[in-house]
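Protein chains in written order, with the working numbering: chain A, 1159 to 1497; chain B, 1159 to 1497.
In short, the hints are calculated from the structure, not lab data.
Please note that a few of the clues may not be correct.
Put simply, identical chains are the same to the list, so a pair is met inside one copy or across any two.
Keeping only pairs whose Cα atoms sit at most 20 angstroms apart, straight-line, the calculated EDC-like set for lysine to aspartate or glutamate is [said to hold, decoys possible]:
| id | residue 1 | residue 2 |
| --- | --- | --- |
| 1 | K1206 | D1270 |
| 2 | K1164 | E1312 |
| 3 | K1219 | D1282 |
| 4 | K1349 | D1252 |
| 5 | K1460 | E1312 |
| 6 | K1394 | D1359 |
| 7 | K1246 | D1445 |
| 8 | K1164 | E1486 |
| 9 | K1164 | D1298 |
| 10 | K1349 | E1406 |
| 11 | K1164 | E1337 |
Keep in mind that this is a model prediction, so the values were computed, not measured.
There are 2 protein chains.
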Amino acid sequence: MPELRKDPVIGRWVVISTERGKRPLDFGRREATPRSGLCPFCEGNEDKTPPEILAFRDGGKPNSPGWRVRVVPNKFPALVVEGPLRPKGVGLYDMMNGIGAHEVIIETPRHDRTLSDFSVGELDELLLAYQSRLNDLQQDQRFRYLLLFKNQGEEAGASLEHSHTQLIATPIVPKRVIEELDGTARHFQAKERCIFCDILDQELWDGRRVVAENPHFAALAPFAARFPFETWILPKSHASHFAGIDAEQRRHFAAILSTVLRKLDVALDGPAYNYAIHTAPVNDRRDWYFHWHIEIMPKVTKVAGFEWGSGFYINPTPPEEAAEYLRELRLDPVPTEPP
Amino acid sequence: MPELRKDPVIGRWVVISTERGKRPLDFGRREATPRSGLCPFCEGNEDKTPPEILAFRDGGKPNSPGWRVRVVPNKFPALVVEGPLRPKGVGLYDMMNGIGAHEVIIETPRHDRTLSDFSVGELDELLLAYQSRLNDLQQDQRFRYLLLFKNQGEEAGASLEHSHTQLIATPIVPKRVIEELDGTARHFQAKERCIFCDILDQELWDGRRVVAENPHFAALAPFAARFPFETWILPKSHASHFAGIDAEQRRHFAAILSTVLRKLDVALDGPAYNYAIHTAPVNDRRDWYFHWHIEIMPKVTKVAGFEWGSGFYINPTPPEEAAEYLRELRLDPVPTEPP
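Can you make the complete structure from the sequences, with help from the hints?
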């Protein structure tokens, strides 16, 4: 059973994941992650994953070919879904058993496609899969946060090459989310407005950090970007939960996400990247101030001791320059059918 | 002139480092960092760096061979030392000009040595160089924090192979340090004790997470370790500033640092790692509660979207197992002379 442990000084939670089996000796030699061979996420290999939780299909029975998007439990979960939550103290430390969920959203049956090859319709369906899983998992009263994130490319931490997203449900609200909630609450108390709404107003008026825009969404290089070409996409109207968007909004989100990923793909030559959807906690009263958004972080520089030691970042590319470059980049028309 | 910009929601500062010249097009192809060729940190190449600030020498004039440890300004500084500090607002954002210092401590004249090859005496002298630079820089009233950190190996973000430490002086206190100060202050208000002193008491009594110990220092795997084999070294007596240690304490710190680095080197087969010295801010009244320490983070797993999105870590190696493995590892005697 994995454990959740809290740093007693700064309140950061860590999963000590005993299920994943990295014992001291496993690190003796640098791991050579197998890249070739049988991919458990490819169509036809459905028996190589745990049984599916959700699939959008053209036909076929569950756990057989014919799917377009497929959601399965992670075979090596960081947290496990069975059992009641048991918080406890160990001297001055706080911990709890590692209750949660860890799912994998396999974005495509094909090994050779990534999100920047997707049509807007395909991305829309992927976002629908995200939304469906969030709406299901938030029924579980043990969970406080549902984190959707993607690691694209080995340098971004992907351990399997086949394009996929992960969803982790946790019984605590992660530190970074609490910081964002606290920041939005502070601004609301001072101004009676949402800080992300204020940021959108200022950025759309200023224009220098705008990467793309449509009727419902704006893509921005954040003023204090940590990484070169870091890009955030925010809904223009205040909304705290990603899972609450309607079909029209989802379509516009798919369209702007497609534009941003394709522009990054061209500008940075198929970069490794991470993205994470920042949405309000579930089963929590503090959510009203929050303004959901996605943060996309290309991995073109390495994070080093300075950043780890201080939480203070050095970004060699001014966000205004990155935004201008991406904004003015011309793309081929968006594909509407898979090739 | 670089700029310091503050994230308006969570208060994280970022250096937008215009001097480092990473323009959008520079990322078009993955950078091939030149590893071979003329190393500016090797003995004999002193004219390839800015003039030295400090050197410990067996002989020779400044900026010529004969040194054992040499400190120079970073040729591509993230922050620049000249000028007054000018904070300003830009709409709802906060920023200031990028005033600070960025120095490089070249640890050895030889390209083929790393800290795990050093004798305790050599490490002691390196720590004396750290201490001397901190004592000098803290005279500058513009600076609020002095961060010493090391990136060992390309995977840990080192851009030059030759073993070196960096020192960055910043006009703000970094977010991570503020979090640690807040955590120690909260504990002091509740208990009238230092939380790190309480952690040391509990860990030395418990014993399972102790890696090494001597009369003045303890090396621990932290209870909520983020990374496999993460190790912290703390002074047993309360002290807020690393720069204030005396010669006897420094010798004991050098000895335990040598033990830990050599054990990690054997256990993980010469891993890439980062370390950072966490010490109290300078020119600041909030420093009393703080308990300085060093955090050593081997890079054997990749940090991925989950960690970036949430500030929540997954560690596949329980710290008790890592500590036991390191504690019981037998080392050859410490070298007392350079080979």
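Hints and how they fare:
1. K1206 <-> D1270: This pair counts as within: shortest intra-copy Cα distance 19 angstroms, inter-copy 46 angstroms.
2. K1164 <-> E1312: neither (29 angstroms within a copy, 30 angstroms between copies)
3. K1219 <-> D1282: Cα proximity of K1219 and D1282: none, with 23 angstroms in one copy and 68 angstroms across.
4. K1349 <-> D1252: between (36 angstroms within a copy, 17 angstroms between copies)
5. K1460 <-> E1312: Both: 13 angstroms inside a chain and 9 angstroms across chains, each within 20 angstroms.
6. K1394 <-> D1359: Result: close within a single copy only, 9 angstroms intra versus 52 angstroms inter.
7. K1246 <-> D1445: neither (26 angstroms within a copy, 31 angstroms between copies)
8. K1164 <-> E1486: Answer is neither; intra-copy 45 angstroms and inter-copy 27 angstroms both fail.
9. K1164 <-> D1298: neither (23 angstroms within a copy, 37 angstroms between copies)
10. K1349 <-> E1406: So K1349 and E1406 fail the 20 angstroms test inside a copy (31 angstroms) and across (54 angstroms) alike.
11. K1164 <-> E1337: Intra 16 angstroms, inter 14 angstroms, cutoff 20 angstroms: intra and inter.
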